[in-house]
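*Asks:* Protein sequence lines correspond, in order, to chains U and Y. Sequential numbering from 2 applies to the first sequence in this note's numbering. Sequential numbering from 67 applies to the second sequence in this note's numbering.
Honestly, the hints are just simulated from the structure, not real lab data. Possibly wrong hints are sitting among the right ones.
Stated by the list, open to error - Listed next, with one range per pair, are the computed distances between beta-carbon atoms:
1) U:I111 x Y:R256: 38 to 44 Å
2) U:P155 x Y:F234: 55 to 61 Å
3) U:L107 x Y:R267: 47 to 53 Å
To be verified - Which residues of chain Y face chain U? A few of them, derived with a C-beta cut under 10 Å, are:
4) R169
5) E172
6) L181
7) I185
8) V188
9) R190
10) F191
11) W193
12) V309
13) L346
14) P358
A virtual CB, placed ideally from N, CA and C, is assigned to each residue, including glycine.
Each chain, written out:
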Amino acid sequence: MSTLTTVVAPARSPMRRLWYAAPVLVALVAWPWVADQYQTILLAYGLVMAIAALGFNLLLGYTGLLSFGHSAYFGVGAYAVAMMVKYLGVSSMELHLLGAVVASVLVTAIFGVACVRYTRIFFGILTMALSQVLWSLAFKFFWVTGGTDGLRVPTPTLLGVVTGKGDKIAFLAHAYYYYVLVLFLLCVAIMWVIVNSPFGRALQAIRDNETRAQFVGISIWRYRWIAFLLSGVFTGVAGALWVPLNGLTTPDILHWTFSGKIVFMAVLGGFRTFVGPIVGAVVYNYLESYAVGYTVYWQLFLGVILVVLVLSLPTGIVGTIERMLARRREAAPR
Amino acid sequence: MDIALIHVFNALLYASVLFLIAGGLSLIYGVMRIVNLAHGNLYAFGAYVSAWAIGYATATAAGGGTPAAPMWLLLALLPAGAVAAAAAGALLEPTLLRPFYRRAEEYQLLVTFGLLMIIDDVIRFLWGPYPLSASVVFENFGSLTVGETLYPTYNFVVIGVGALAAVFLWAFIYRTRFGVVLRATSQDMRMSAALGVNVNRVYVQAFTLGCFMAGLGGAIIVPSQSAVLGMGVDALILSFIVVVIGGLGSLEGALLGALIVGIVREVGITWFPEVELAVLYLMAAAVLLVRPAGLFGRA
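Could you build the full structure based on these sequences and the hints that come with them?
*Replies:* And the structure:
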């Protein structure tokens, strides 16, 4: 792991960071008024994936565990919503989110007990194997899950008042976009508090040196398990928010290649930084959407990007920018 | 009784192909400590190359007026996929993987994941989205009667190739000079380098051999099942289960794991088809929990 610790984000005060974030926030709020409906929905997809990548990065970036099974928690969130619609007739988005949180807590708590005993490659394979269990169940029990046809999910009711009846696209591009944006900001804020809390520092200590952390008195197993749980719940919430956008949930989102996409996003943005996975998820979403529209060989395109990225820019977009800024700051006369 | 026998043959058939794929994966991990996520796609690549070569020979023979391509020619063309996968491996290791040995495992997984996506689309580009079949070889072998049921003769060829591959590989690794060097490098790369072993060359050879096995698996299965897009990812996951059960890096483990997975799959498809895959994944998870290094693995 020692090669991973070369670039550390320079410490700056939270206030100054917020100052940087303000223009981005204004742009995000103004986006539906400036851009057309397609662009707005595309960005909503990006923000949803950003929540998933943010959750994922609590494990990779802050705890040092590479999960290849986050599709499981994303899928659990999505299928929890779809099942609530199909079998309970619930249409309230808040109840959907609650259901997704409960479902992902249950699944991650059980999976976590098994997975956090291992690190490195065994952790990756175990998370992958467990996510594939869920995939094969969703795939085979078609009378419950719809099999490869998936389950259709109509537009939900937001806050008990706003419904998508009538123009579905306008609903997704406006009311639902803001709903996603608020939840995204909430998730970012919660994650920021988590990683900067004593708990978050303890996770980073475990990542950097497990033995030392143990000597300091950190109970490694329990901290990893809680990180696993939190990480899975964030991803589950992302899955629940993703379903109304897509209108359909299929076993594809449970397959391990979807986990690979989440890993890709975190690495693209830079998993050593807080905002890296967010940037990576949004950029990846654009890359994939345009590549799919442009060519049937979009996988080739993304694969080449991934290989070039790990070969030449292993710190990702944000890591590279931070390094360049740091270099300029050093070069500038004081 | 006949039915039971046929189940046994089917289980051995699965096990043979799985051993070839998973054995290659395990060999590569054992020597180089890299989990190659693109391994399944090299298997698919082998299947496509063999199906293409056989299809080409059949079509040329039909166009030239001869009634059919001679069987010996088709059989000689069948291993083309294995050779092609080995060539791809020999090309990929020095160019793409070598820069990653000194870096964290995360990056190795990511670069092979990128490779997986690339090979997927290269196959789609070369052979299109439709299945490619080489069933002429399968049909020419006809079938045998097992008791009172018919069973395709070709399946015995596959089982035979799998068994032969296991024997040859064992002899190669435990009875030749190259095998000694390979095992030494696998045990302690730095020490063998200090003793004058050209580690880079051993790595290329091991990776090529691993890819050859994957390609051979694809080549021998393609006459009975067509080559389809997505076959690589499915095979990768199954061979993961095999190596996790048997132990990453152990060839004996891969053989035992392939037999176990072959039997469970055959039993599962017959009696509990809905949870067949889930049972396999849970088995792998259970083995990881009880014996993280697998049944034959070294920690």
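*Asks:* Compare the structure with each hint and give your call.
*Replies:* Status of the hints after comparison with the structure:
U:I111 and Y:R256 have their C-beta atoms about 41 Å apart, which keeps the hinted 38 to 44 Å range intact. Separation of U:P155 from Y:F234 is about 59 Å and conforms to the stated range, judged on CB atoms against 55 to 61 Å. Our hint of 47 to 53 Å for U:L107 and Y:R267 holds, since their Cβ atoms are close to 51 Å apart. A least Cβ separation of about 5 Å between Y:R169 and chain U falls short of the 10 Å threshold, and the interface hint therefore holds.
For Y:E172, the interface hint holds, since its Cβ comes within 10 Å of a Cβ in chain U; the closest pair sits about 5 Å apart. Checking Y:L181 against chain U by beta carbon gives a least distance of about 7 Å; that is within 10 Å, so the hint holds. The beta carbon of Y:I185 is positioned within 10 Å of a beta carbon in chain U (closest approach about 8 Å), and the interface hint is therefore held. Using the Cβ-Cβ criterion of 10 Å, the hint placing Y:V188 at the interface with chain U is satisfied: the shortest such distance is roughly 7 Å.
With 10 Å as the threshold, the beta carbon of Y:R190 comes within range of chain U, its nearest partner Cβ sitting at about 7 Å, so the hint holds. The closest approach between the C-beta of Y:F191 and any C-beta of chain U is roughly 6 Å, which is under the 10 Å cut-off, so the hint is satisfied. Because the beta carbon of Y:W193 sits about 13 Å from the nearest beta carbon in chain U, more than 10 Å, this interface hint is broken. Among the interface hints, the one on Y:V309 holds; its C-beta lies about 9 Å from the nearest C-beta in chain U, closer than the 10 Å criterion.
The beta carbon of Y:L346 is positioned within 10 Å of a beta carbon in chain U (closest approach about 8 Å), and the interface hint is therefore held. Checking Y:P358 against chain U by beta carbon gives a least distance of about 6 Å; that is within 10 Å, so the hint holds.
Comparing the model with each numbered hint stated earlier shows that hint 11 is the single one that does not hold.
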